[in-house]
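Undergrad: One-letter residues, chain by chain:
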Amino acid sequence: MTFSLIMGLYVFILSSVAGYQLISKVPPTLHTPLMSGANAISGVTILGAMTMAAQAAEHQDNTLAVALATLSVVFATVNVIGGFLVTDRMLGMFRAKKRKS
Amino acid sequence: MGSEVLEFKDVASHLIYLVSVVVFMLGIMRMSRVKTARWGNQMAAGAMFLACIGQAIELGMVNWTFIIVGVVVGGLVGGLAASRVEMTEMPEMVALFNGSGGIASSLVAIASYMLLVETRTPQQANVADQITAFNGVALGLTILVGAITFTGSIVAWGKLSGRLSGNPTLLPGRHLINGALFLAAFGATGVMIFTPDPQQGLMALVVICVTTCLLGIGLVIPIGGGDMPVVISLLNSYSGMAAALAGFTINSPVLIVSGSMVGAAGLILTQIMCKAMNRSLMNVLIGGFGQSDGAGSNEDARLYTNVKRADAEEAAMILEDARTVIVVPGYGMAVAQAQHAVREMADLLGDRGCQVRYAIHPVAGRMPGHMNVLLAEADVPYEAQVEMERINKDFKNTDVAIVIGANDVVNPVANTDTTSPIYGMPVLNVEEAGTVFVIKRSLSPGYAGIRNPLFEAENTLMLFGDGKAMVEGMSTALKEADD
Numbered sequence: 001m002t003f004s005l006i007m008g009l010y011v012f013i014l015s016s017v018a019g020y021q022l023i024s025k026v027p028p029t030l031h032t033p034l035m036s037g038a039n040a041i042s043g044v045t046i047l048g049a050m051t052m053a054a055q056a057a058e059h060q061d062n063t064l065a066v067a068l069a070t071l072s073v074v075f076a077t078v079n080v081i082g083g084f085l086v087t088d089r090m091l092g093m094f095r096a097k098k099r100k101s
Numbered sequence: 102m103g104s105e106v107l108e109f110k111d112v113a114s115h116l117i118y119l120v121s122v123v124v125f126m127l128g129i130m131r132m133s134r135v136k137t138a139r140w141g142n143q144m145a146a147g148a149m150f151l152a153c154i155g156q157a158i159e160l161g162m163v164n165w166t167f168i169i170v171g172v173v174v175g176g177l178v179g180g181l182a183a184s185r186v187e188m189t190e191m192p193e194m195v196a197l198f199n200g201s202g203g204i205a206s207s208l209v210a211i212a213s214y215m216l217l218v219e220t221r222t223p224q225q226a227n228v229a230d231q232i233t234a235f236n237g238v239a240l241g242l243t244i245l246v247g248a249i250t251f252t253g254s255i256v257a258w259g260k261l262s263g264r265l266s267g268n269p270t271l272l273p274g275r276h277l278i279n280g281a282l283f284l285a286a287f288g289a290t291g292v293m294i295f296t297p298d299p300q301q302g303l304m305a306l307v308v309i310c311v312t313t314c315l316l317g318i319g320l321v322i323p324i325g326g327g328d329m330p331v332v333i334s335l336l337n338s339y340s341g342m343a344a345a346l347a348g349f350t351i352n353s354p355v356l357i358v359s360g361s362m363v364g365a366a367g368l369i370l371t372q373i374m375c376k377a378m379n380r381s382l383m384n385v386l387i388g389g390f391g392q393s394d395g396a397g398s399n400e401d402a403r404l405y406t407n408v409k410r411a412d413a414e415e416a417a418m419i420l421e422d423a424r425t426v427i428v429v430p431g432y433g434m435a436v437a438q439a440q441h442a443v444r445e446m447a448d449l450l451g452d453r454g455c456q457v458r459y460a461i462h463p464v465a466g467r468m469p470g471h472m473n474v475l476l477a478e479a480d481v482p483y484e485a486q487v488e489m490e491r492i493n494k495d496f497k498n499t500d501v502a503i504v505i506g507a508n509d510v511v512n513p514v515a516n517t518d519t520t521s522p523i524y525g526m527p528v529l530n531v532e533e534a535g536t537v538f539v540i541k542r543s544l545s546p547g548y549a550g551i552r553n554p555l556f557e558a559e560n561t562l563m564l565f566g567d568g569k570a571m572v573e574g575m576s577t578a579l580k581e582a583d584d
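For the protein sequence lines, the chains are U and G, in the order given. Numbering-wise (our numbering), the first sequence opens with residue 1 and increments by one. Numbering-wise (our numbering), the second sequence opens with residue 102 and increments by one.
By construction, these hints were calculated from the structure, which means they are not laboratory data. Just so it is clear, the structure is predicted and the values come from calculations on it, not from any experiment. Here a beta-carbon is modelled for each residue, glycine too, at the ideal position from N, C-alpha and C. A portion of the hints provided could be inaccurate.
From the structure, some residues in chain U lie toward chain G, with a derived Cβ separation under 8 Å [to be verified]: (1) S36; (2) M50; (3) T63; (4) F84.
Please model the entire structure based on the sequences and the hints provided.
TA: In structure tokens:
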């Protein structure tokens, strides 16, 4: 165990508690957009994918590692771009009562 | 995150990460209120962009070829899919996006391991020496959770889209098989981290990938199609967890914060859904629900007596005198694409001074809140969409309740018959309304496969036919009455 791991555990636990608190007050109307929005946030793994793609580029003789790292960027981007876009589309439909003209 | 002194660009990127995680949290906070939800989602997207900028600064002058290729391809695929998908297919879409997030985390860990093996120095005996045993375990778990999320989501997508049978597939000894797969994956993780032999390590990696992919399938395949929303919600939680674990593998606090927030959020949503169906999470995950109950259902459907039929004109005549109407939409309404027709009829009734509201059962649609999205798409104002707990007491003061494409969620048996499989599930008390219209194709049972006495109640009129055509017929008759 190193100190940075302990710090990581603090971060992990506190963020879980924060997430729990943030979500538990959501009205049912928003559950689907929320699920899809939260899903887009889990695409944050794109940062790790970027790191791996950059590292793999230094070892291009390892074709498999390069291919897998590039694929991880592809999938993570699908998750992020698709997730946020589709959530925005859904939420754009929620409108308040129309004023009678 | 260690105690070493950081370079300037690392400090800069970490400060950007810090801002982005705060914006993530503020975004999620805003997403919990209808008025600010869209803004919240855009904030979260902005935070993601910011985090990527931070990562770009941290990486600095490296070979960007593969990153750019990946982002362009992924952006095109994700963007096209998101802008083309129909709102009724939203659960499938979320399942697929979820699966891509899961496999992305898995691939990060797999690539990370392969590069570790590649860059091992003679002083380092194994991966545990290179990145500590704890990070190694996190690496193995990232692959495990990510792969389960991936194949599990694919199976869920298959069941939702009808490409796989929605029936629970119960293999004999499936708990034993899944247990064995899990143990094999776990054991291989140990080998992968501690073996000094690179070849053996890579073999272990392959074993982990295969067993965990199989495990994802094995865990989801026994669960019935109707329970897929719960599964997707749980897998959403897993994909967050996988991202957090990937954060431990590569020491990234942003990944840990965002991933664990999503993990906790998904868990909460899953609990809410299970509660709405009066099932425990365990009960859903063990699977097999709906199989034994389905057997006698066709016979039951023929047992209905005293069913009163009506057509659109007769229904419209009753609606002409109604002061208060509650529409109870089910997924069948969305399948018939009737939501626009329903909203038009509600507008006509509204013009006549009738109050129209929509009663939303927590599991109406195929995901919690899915029905709200479908109604919002048809321009139904969200104030008119009322949750079950708030509207249930109003049915007794309501002139007409219109049930369209819903069945089990309006089955009074859930309140009265202790032997029923759905006993205890919260239902909408539509039978208390003055008149109940049930718009349905036939008397076939719903997902739970049981008889619904509402269909033969004294105050119920069955309107057999296509939901959209029936509602349009009612609207036409209402207009004619006005002329």
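Undergrad: Which of the numbered hints above does this structure break?
TA: The structure breaks only hint 3.
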